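K.L.:
Generate coordinates for the entire structure from the input sequences, incorporating the hints supplied.
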Amino acid sequence: MSQLLPFKLGSEVYALELIDVQEVVEHHPTHPLLGVSEAIIGAIGFHGRIVPAIDLPLLLGFPAGERCERMIVLTDEHGPVALAVDQLLRIIDIDLGRILSQSNSEEDCIRGVINLDGKMISLLALEQLCAVLEQVCTASGDTR
Amino acid sequence: MDIEKYRKMFLSEAAEHLQNMADQLIVVEADPEDRAGIDALFREAHSIKGMAATMSFDATARLAHHLEDRLSDCRDQGCVSGELIDRLLAGVDLLEDLLEDIRDQQPERDVDAFIDAKQPIPELEEVVVVEEEPIAAEPVKESLLVRLLLADTITTPGPRLLVLLKHLSRFGKILQSTPSEEQIIQGEVTRQLQVRLVTEVSAEEILQQLQSYGELAEVVFPAEEPVAEKMRKQSSSSSATVRVDTDLLDRFINLTGELITNRYTLQSAAGEKSWSEVNEGLGQLARLVKDLHHQVLKVRMMPLQSVTGRLPRAVRELCQSSGKEVKLEVEGATIELDRAILEELTDPLTHMLRNAIDHGIEEQGRVQIKAWRERDQVLIQVADDGRGIDPEQVRQRAVERDLINSTQAQAMRDYDVLQLICQPGFSTAEQVTETSGRGVGMDVVKTAVEKLGGVLLIDSTLGEGARITMKLPLSVAIIRVLLIDCAGSLLGMPITRVLQTVEVAPEEVQTSGKQLVISLHGELVPLLSLRKILQQSKGSPKNPIALVITEIFGRKVGLVVDRLLGQQEVFVQALPSPFDRLKGTNGGAILGDGRIMFLLDLQSKLEKRRAKGT
Amino acid sequence: MKQVLIVDDALFMRNLLRDIFEANGWEVVAEAENGLQALERFVTYRPDLVTMDIVMPEMGGIDALKRILEDYPQSKIVMCSALGQESMVMEAINAGAIDFIVKPFQEKQVLEVVGRACGG
Numbered sequence: 001m002s003q004l005l006p007f008k009l010g011s012e013v014y015a016l017e018l019i020d021v022q023e024v025v026e027h028h029p030t031h032p033l034l035g036v037s038e039a040i041i042g043a044i045g046f047h048g049r050i051v052p053a054i055d056l057p058l059l060l061g062f063p064a065g066e067r068c069e070r071m072i073v074l075t076d077e078h079g080p081v082a083l084a085v086d087q088l089l090r091i092i093d094i095d096l097g098r099i100l101s102q103s104n105s106e107e108d109c110i111r112g113v114i115n116l117d118g119k120m121i122s123l124l125a126l127e128q129l130c131a132v133l134e135q136v137c138t139a140s141g142d143t144r
Numbered sequence: 001m002d003i004e005k006y007r008k009m010f011l012s013e014a015a016e017h018l019q020n021m022a023d024q025l026i027v028v029e030a031d032p033e034d035r036a037g038i039d040a041l042f043r044e045a046h047s048i049k050g051m052a053a054t055m056s057f058d059a060t061a062r063l064a065h066h067l068e069d070r071l072s073d074c075r076d077q078g079c080v081s082g083e084l085i086d087r088l089l090a091g092v093d094l095l096e097d098l099l100e101d102i103r104d105q106q107p108e109r110d111v112d113a114f115i116d117a118k119q120p121i122p123e124l125e126e127v128v129v130v131e132e133e134p135i136a137a138e139p140v141k142e143s144l145l146v147r148l149l150l151a152d153t154i155t156t157p158g159p160r161l162l163v164l165l166k167h168l169s170r171f172g173k174i175l176q177s178t179p180s181e182e183q184i185i186q187g188e189v190t191r192q193l194q195v196r197l198v199t200e201v202s203a204e205e206i207l208q209q210l211q212s213y214g215e216l217a218e219v220v221f222p223a224e225e226p227v228a229e230k231m232r233k234q235s236s237s238s239s240a241t242v243r244v245d246t247d248l249l250d251r252f253i254n255l256t257g258e259l260i261t262n263r264y265t266l267q268s269a270a271g272e273k274s275w276s277e278v279n280e281g282l283g284q285l286a287r288l289v290k291d292l293h294h295q296v297l298k299v300r301m302m303p304l305q306s307v308t309g310r311l312p313r314a315v316r317e318l319c320q321s322s323g324k325e326v327k328l329e330v331e332g333a334t335i336e337l338d339r340a341i342l343e344e345l346t347d348p349l350t351h352m353l354r355n356a357i358d359h360g361i362e363e364q365g366r367v368q369i370k371a372w373r374e375r376d377q378v379l380i381q382v383a384d385d386g387r388g389i390d391p392e393q394v395r396q397r398a399v400e401r402d403l404i405n406s407t408q409a410q411a412m413r414d415y416d417v418l419q420l421i422c423q424p425g426f427s428t429a430e431q432v433t434e435t436s437g438r439g440v441g442m443d444v445v446k447t448a449v450e451k452l453g454g455v456l457l458i459d460s461t462l463g464e465g466a467r468i469t470m471k472l473p474l475s476v477a478i479i480r481v482l483l484i485d486c487a488g489s490l491l492g493m494p495i496t497r498v499l500q501t502v503e504v505a506p507e508e509v510q511t512s513g514k515q516l517v518i519s520l521h522g523e524l525v526p527l528l529s530l531r532k533i534l535q536q537s538k539g540s541p542k543n544p545i546a547l548v549i550t551e552i553f554g555r556k557v558g559l560v561v562d563r564l565l566g567q568q569e570v571f572v573q574a575l576p577s578p579f580d581r582l583k584g585t586n587g588g589a590i591l592g593d594g595r596i597m598f599l600l601d602l603q604s605k606l607e608k609r610r611a612k613g614t
Numbered sequence: 001m002k003q004v005l006i007v008d009d010a011l012f013m014r015n016l017l018r019d020i021f022e023a024n025g026w027e028v029v030a031e032a033e034n035g036l037q038a039l040e041r042f043v044t045y046r047p048d049l050v051t052m053d054i055v056m057p058e059m060g061g062i063d064a065l066k067r068i069l070e071d072y073p074q075s076k077i078v079m080c081s082a083l084g085q086e087s088m089v090m091e092a093i094n095a096g097a098i099d100f101i102v103k104p105f106q107e108k109q110v111l112e113v114v115g116r117a118c119g120g
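Protein chains in written order, with this note's numbering: chain A, 1 to 144; chain B, 1 to 614; chain C, 1 to 120.
Treat the hints as calculated values from the structure; they're not laboratory data. Since we're looking at a predicted model, the values are computed, not measured. Careful: at least some of the hints might be erroneous.
[Said to hold, decoys possible] Across the chosen pairs, the derived CB separations fall in these ranges:
| hint | chain 1 | residue 1 | chain 2 | residue 2 | range |
| --- | --- | --- | --- | --- | --- |
| 1 | A | Ile19 | C | Glu107 | 31 to 41 Å |
| 2 | A | Leu96 | B | His294 | 46 to 56 Å |
| 3 | A | Leu96 | B | Thr447 | 44 to 54 Å |
| 4 | B | Thr153 | A | His27 | 19 to 29 Å |
Ideal Cβ positions, reconstructed from N, Cα and C, are used throughout, including at glycine.
P.N.:
Structural data, given as structure tokens:
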């Protein structure tokens, strides 16, 4: 059994494995960084460290908007990076053997889909997400 | 006797013998009656034994001796069993670990368990977490792994985990705990505890007792060890190491102790709402933090000597190739700088030295490298007594190369003109002229210095020589910055990069062609809008207009910002991945009030644009 | 009936704990307002369990705990802590406190901890 932290991006439900989450922070002011991709909000101060804050919906192609006040901070292995999402949902226990389809697409950052009582939950592929972020950052600042 | 030297020799030689043994064992495995192979193995083990005994590495010598004995038996029998091959390979592995210990100047690990074991012993447990005492000798089978996960509702995970750890310790002996007791007490925040336990008590019984803890969400007895695995991954990716004087470490420990005491003082003062004591405690805290900061910086400091020490040889070679006679004098080599800065100084210094010898000094002369401290900056000057740089020739060449127009050339002071030799494109290696050729590669030097938050200044008196001075911050970590507000974002610029800040009225802004300029001390300075560079909307017109006068690619520019917010000393952090790839910022700092400031790196931001433009 | 000594400088807290204990079959043999009183009353009554507040005048809970355990190492002492006192709680656990409860007290949590402490 694994624990998943589900959250909403637009009207879709995504999830991360709880072991990849370092902390969920609430009401952390974000400090803007300008002249970079819009998916990069800026940074938050996280236990004395500067941690990149990412607008996950924007990064994955969802429309711009106000995000939820809580952000998910990934473990140091993946940055650390703070992800803004539209809404955090309750942690669920799930058997990872129940992943329905293994995604083949390189682009969408989805590892697979889980069917939870008829609701479809996309499991984020963190390695891909990090790679996409690196691309975005490398490209940022190249004048358009 | 230089024991260190012999230790290194021993290590590299022993490693070679071990490699030979490992290779040879594979050969012998394929042909167990290979007489010559067995002989070779015996000799290798024998050599290691002899060397280790000479160096008094007892465990290594004993193990090598043990392997030698077994091989001697094989020689008598004329063959090696497959079982023994396995054992010998395990022995080679263990010897490799021992060499690791010796290399790290650690006590050698235990070999008796291996030597005494009759059978090829089960695989030794990997010691992955650095604990006080390695527990390699404990076979895995007898220990039990327990992982506990606290319920989300628990508000005091630290004390709760500590109670659980104490409870578990009543079942038997705790070999390893992640986090360790120490880490828990130090306030490491986690909701999970993993313990390796040697116990007579069964897992079922432990589970039953732990079920009385409603605070636990989960109790599992995992077969493998994912947490430790993760930690090993992290530790293997650790980068550069630093040797630290043990005295310095002791001071860290003492300071930590004082900080802990201070914490309790503050805590109880706050608890009793005794503000005078809180104030006193805070004063103490300020002193301790300052001291700690000072000591931490010390760890990173190295004398300039580590760079200048290589220069006499370079000078000798340059003299030989040029046929000139040059004397090198170094002054202030004991001045200490952050190692990150020193590492970046080797190339620029060598370059400046070469320029001085190749282009400054005619037949014979003197190059002087002088370092000294001025407040929180270190100045390093390379001076020669050669012919000097002729500002008129520099003017001419700069105009020729379209760096300035002739009107500008006439208006500029000699000193400002000299700085032009650092402009890219001022001079190239193929077009060295006798006097103005001094600029070879100076743009590279200047860029390197500026990357470190420093400045490069050129000064020369014709006929008397040239002085090139690098002004460097002491440390890359703590620097003084000018805080700038731009479209609601907080930015900082190292003070060493700021020539001047000015506020001008809108009517002072003139146009020169398409370019907005202002006149500063009679010099026309082009204006750049920070908002525009950062792709922001224009913003409401300001009066007065705040300007930061700085240099970009060697050119003086006025940077238009929304607001100047004053200066502050900040602790700069490198930005974590993936922000380290961003152009336009090369660090950040968290200010006292919690706001995050990004260090502005205009050159990297404009590099691409400029490459297109030229 | 198990006997308990309640140590807390706040009357409110003592009453609260007393109610919880008495409603669940415990006998509150004594109360103490500070560490010194706690030592005295512990020696007099030798209760099965002590609930010990941490920050108190005269003598704090951690010192009282250490003094009691010096003479009676088998004593079962549960610390009462407020949020933000984690490091003091851990000091107490290291010094031999068997467990702790967190203010504001919840009956269920208190009973679970003291029940476990007294092995039942």
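K.L.:
Taking the beta carbons of Thr153/B and His27/A, is their distance inside 19 to 29 Å?
P.N.:
This hint holds: roughly 20 Å between Cβ atoms.
K.L.:
Can you let me know if the beta-carbon spacing of Leu96/A and His294/B is within 46 to 56 Å?
P.N.:
With Cβ atoms ~50 Å apart, the hint holds.
K.L.:
Do Ile19/A and Glu107/C keep their Cβ atoms within the hinted range of 31 to 41 Å?
P.N.:
34 Å, holds
K.L.:
CB of Leu96/A to CB of Thr447/B, is that within 44 to 54 Å?
P.N.:
50 Å Cβ-Cβ, so the 44 to 54 Å window holds.
Checked against the numbered hints given earlier, this structure breaks none of them.
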